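Whole structure, please, built from the sequences with the hints as guidance.
Keeping their order, the protein sequence lines are chains U and B.
As numbered in our numbering, the first sequence has no gaps in its residue numbers, which increase by one up to the final residue, 577.
As numbered in our numbering, the second sequence has no gaps in its residue numbers, which increase by one up to the final residue, 1005.
Any given hint could turn out to be false.
What the hints assert, rightly or not - Derived pair list, reagent style SDA-like, types lysine to any residue, alpha-carbon separation capped at 25 Å: (1) B:Lys952 - B:Ile966; (2) U:Lys445 - B:Lys952; (3) B:Lys974 - U:Asn485.
Said to hold, decoys possible - What the simulated footprint calls covered on chain U by chain B, stretch by stretch (three residues with Cβ under 8 Å from a Cβ of chain B suffice, anywhere in the stretch; the number is not a length): (4) 409 to 421; (5) 531 to 541; (6) 556 to 566.
Because the hints were derived from the structure by calculation, they are not lab data.
Bear in mind the structure is a predicted one, so any value in this text is a computation, not a measurement.
Note that beta-carbon positions come from the ideal geometry of N, C-alpha and C, so glycine has one too.
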Amino acid sequence: MMILLTGGSACGKSSYGERLCASQPGPRYYIASMKPYGIDGAEKVARHRRLRQGKGFETIERYTDLASLILPEKGCALLECICNLTANEMFDEEGNIDDPYDRVLSGVQALRKQCDTLVVITNEVGAEDGSAYDEGTREYMRILGAINLALAREADTVLELVCGIPIVRKGDLPKL
Amino acid sequence: MILIVGGEASGKRTYAEGLGYSRKQMADAVLNDCPVLFHLERLVAENWEHAEELLEPLLKKEVVICNEVGSGVIPANRPDRKAREATGRLCILLAREADSVVRMVCGIPMVLK
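Written out as structure tokens, the structure is:
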């Protein structure tokens, strides 16, 4: 079972994803793909840790190469998030750009095989005019969009979160 | 309180007019006696560090209108980024307490709550 959660920033994806996983039998894994850069990154990590506290998650930090990740046991995983994983796979420290489409998708597929339930969080980044951005950013918007399309095809359920409220885009609303 | 969200120029205020409010009853990003407030995202941006303090006065409004600002590329500068986050989080709190939540797309209302 794979559930894809999408939506803009700060729309309630994380807390909904955590509630979904908390309703599943363990073990529960939280796969964090965000490199905590700077003060914002640290704040975000601290906030997510606080939210997850007491919900029985084992945190696994994984910034790239999801395909080779081996979970200790079969269970429920929350992958947060595709937008960071894609950026990490796409841009290196020297400013090189590489197409991460296949790596991200094969990583999700490999993870799914190890899970009874996999909840994947992604982000809407395309709901604005991207013409003001540099070519790298526009390419990122295109590739993330293409990855989101592929993930939605593979997912059993796709939910969009708006103001914390889930809208069913595919499949059925999970019982919580 | 009815929360109306949607993209720029998606028909949010027109929808509020359909609920019986005139444009004169709609306050632009300012807390006053008007029953309707719009451009909540601008009000939040003025003081994002204390966005949660807006919750109580906003719950006394009849209609709160907010642009959805979270579905683009994450802004490079911190104040823009934080204001955008604070807007989203505040809307989650407002939606939780609201009697009704409506999202506009191309002038078409979708009732979320």
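_Taking beta carbons only, do three or more residues of the stretch 556 to 566 of chain U come closer than 8 Å to chain B?_
Satisfied; 4 residues make the cut.
Tell me if the straight-line CA distance from Lys445 of chain U to Lys952 of chain B falls inside 25 Å.
violated (31 Å)
message = Taking 8 Å as the Cβ threshold, is the statement that the stretch 409 to 421 of chain U is covered by chain B upheld or broken by the three-residue rule?
response = holds (count 5)
(request) Below or equal to 25 Å on CA atoms is what counts here, so check Lys952 of chain B against Ile966 of chain B. (result) violated (31 Å)
>> Just to make sure I understand the rule, a stretch counts as covered if three or more of its residues have a C-beta closer than 8 Å to a C-beta of the chain. Does the stretch 531 to 541 of chain U meet that for chain B?
In response: It holds, with 4 qualifying residues against the three required.
- Sort out whether Asn485 of chain U lies within 25 Å of Lys974 of chain B, counting only the CA atoms. Holds, at about 18 Å.
Violation of the numbered hints given earlier is confined to hints 1, 2; the remaining hints are satisfied by the structure.
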